[in-house]
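Residues per chain, in single letters:
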Amino acid sequence: MKKIAVFGYNNLSYEAISRLDQKSHDVLIIETDLSLRKSAEEKGFKTKDIDFRSDCGLKSIGIGHTIDVIFCFLLEDSSNVFLTLSARAIDKNIDIIAIAGSAQSAEKLIAAGANKIIDPYQICGQKIHELIKKPDITNIIDHTVFGRDDLHIAEVAIPTGSYLENTYSSTLSLNERHNLVLIGIVDKELGDNLHFAIGEKDHKLDAGDIIVVLGPSREINAFKQEVTNV
Amino acid sequence: MFAKPLVYFAYLLKTSAYYQQGKQFFYNLLENPQSKIKSYFDVFMICLVMLSVFFLVYSVEHELNNTGEFFEQCVVSVFISEYLLRAWLYSDSHLIIIKEYERAEYLNTPFSVLKTLKKVFGKKLEYMLSLFAIIDLLAILPSYRPLRILRILLIFRLFKLFRYSNSIKVFADVLSSKRFELITLAIFMGFLVFISTIAIYLFENNSSGGNVRHLYDAFYWSIVTISTVGYGDITPVTFGGRLVTVALILTGLGVLSFFTSIIVSAFNEKMYTLRENRTYAELSRFDNFIIICGFGRVGQEIAKNFEKDQQPFIVIDTDENNILLAKEKNYLYIQDDASKNSVLTNAGINSGASSVICATGNDVANVYITLTSRFLNPEVNIIARSNRDDNVKKLYQAGANNVIQPFEISGLLAAEYVGQPVAFEAILGILQEQKQILMEALIVYPNSLIENKRIEEIDFKNRKLTLVGVISSNKLHSKRRNRYKVKNQHFYFNPENHFELQAQDMIIILGRKYSIEHFQDQLEKSRLSSGNKS
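In the order they appear, the protein sequences are chains A and B.
For the first sequence, this note's numbering begins at 1 and goes up steadily by one.
For the second sequence, this note's numbering begins at 1 and goes up steadily by one.
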């Protein structure tokens, strides 16, 4: 189970937490505002009040020991930068996802050691632009990626001994066998980059490679079971 | 006796589509500031005026030949036609007649033709006495041979330019907006000139040993001195005369400064209007532009993308700093409240705008702008931003076609990154078109090479493309599996090999930009070539 500490309880953190699979993620919300903390507790989330500026406080909630991921969703960019720096100093391997209010802050957060930066305004702007430019595609993405229908993008890691080991991506025929569309492959032999499945290269599949598919959740689960059934 | 035919004729004009169309055409040509043909007409008239003035100057030392005379006749004909057309457009005489007739009918009083005609001509006279109409008339009259003496009035043709250039119009507006101050200054100056003229004449007349011969000399000296030009052809020699000169020079400096400050402050006040005029003129060149309301972070991101696509747009924001940023980037902008009807109308919501984007950080403002936009144009595409989940429904109720929640998308991406980092990269890759990988929708045009083809017959793999699905509203597909409702159509995810594509279906494909563009070209070519054959 992944342990996640979410700093700041707001619209964004609520959306992120509610999208997480509660069974495989243990979430702790860090919020200093009492009313926000109460509102989070009413929704069934665990909360704690610590001062993010104090290393002792950070260590007390498990950063450096048990926490795998932190969400820096504080309202001020400077606070997120400070929190990122502190957390990275305590734990070199922790995953840090932070929000940035501006392009400059994004650079500072990366420099401070964040693994992923999410700029809500940039994403929103791009989404609106897409809606104007390609309304049909945006609607499809809304119904798939943003989960308004039972269509999802999912990743499936190939375990050792899976029937897919030593097969080639061209022979997968996921669309015919599993009603899934193959989006891309992370071929570990070629690095950690995602290669989109657009017929450019036939990848030899090995244990550790990751397949990204699009399809109904039932079919995804069935495929996952089949692949992991060693 | 004349009443019946007059009223009949008025009703005839009211119901005549040809008459209305004709009037609308000439309104667009001569008066409608939003019309494109007006701008062409204005340029034509500016050229005509300049040419006619050139001929006037030429004729000072040369005799005009037949071509010149003919050109002059043509110019005058155009001016007369324009004058009459403007007089016609100024008021709807038939409506005045109908109004008077219906009023008389309602009150059961006799319909007076004379009174009605008086009102009709009264309206036309109102036009004829307007400043521009007088200028137009003065530009025509000197061409009439018996009035050749008025030839100097041909210079009035230059004043006609005021009609056709917005900048000159604004300059005239600037002067007229400071009418009170300018009149006050003129009265003060007149008074000053009067006193100094009398004073210098008394001190500097010939009998007192001065250089001023008569009152006109004194007046001329006063004007030359008060304007601080001082030619020096008439100079005071007496003590009194010099005292008057010193006083007049000092006052003249004050008057000049006052005059300059009036003009400068008037221009400062009008600067915003001048800039707005430029914006509207630029906008009128486009047919399909987008109005971005709010130029915060989201608005800036949208504008950046539109700029990349060369998609015309205009930014509306009240915030000084945001507008400064738009100005720096050379975007078209209006600094005003986008929820005002007049602002959106001026921005072109009914004249060329295809979409309105409500991207302010305030949900209340976004709802209000959405409502205003929908009220002004029921057809325009509205995309609104909502910061809170509970306001999404309100935005749809207000008339938005799409609502985007920045925090919802970001939250989802954050959750996705934790659970499925590779899938997250895939989503981001497709969303941001990284590595030139795009998801694109291509329309199956009638007669194109994929119309009535089964999926298995189209070799997507060889074209380095991945078929994701088909969007269609065609009932032929209604029994297919994997059907998802998307707006008023259906999305058929991963269609079977025997799925037959119909005209107007849309295929959703994933691939590199080049592959998609190449396939699109092939579809276009096949459609055109089969169209030519048929």
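For the record, the hints were derived by calculation from the structure and aren't laboratory data.
Just so you know, even glycine gets a beta-carbon here, dropped at the ideal spot from N, CA and C.
Among the hints, a few may not be true.
Label-pair ranges, simulated between beta-carbon atoms [unchecked claim]:
(1) B:F44 <-> A:E200: 52 to 62 Å
(2) B:L324 <-> A:E176: 49 to 59 Å
(3) A:S102 <-> B:S130: 51 to 61 Å
Dumping the calculated DSS-like pairs for lysine-lysine here, alpha-carbon to alpha-carbon at most 25 Å [to be verified]:
(4) B:K340 <-> B:K327
(5) B:K487 <-> A:K134
(6) A:K204 <-> B:K464
(7) A:K43 <-> B:K394
(8) A:K92 <-> A:K2
(9) B:K308 <-> A:K133
(10) B:K393 <-> B:K308
(11) B:K124 <-> B:K99
Compare the structure with the hints numbered earlier in the document and write down the numbers of the violated ones, lowest to highest. Checked against the structure, the only hint that fails is number 10, while the rest are satisfied.
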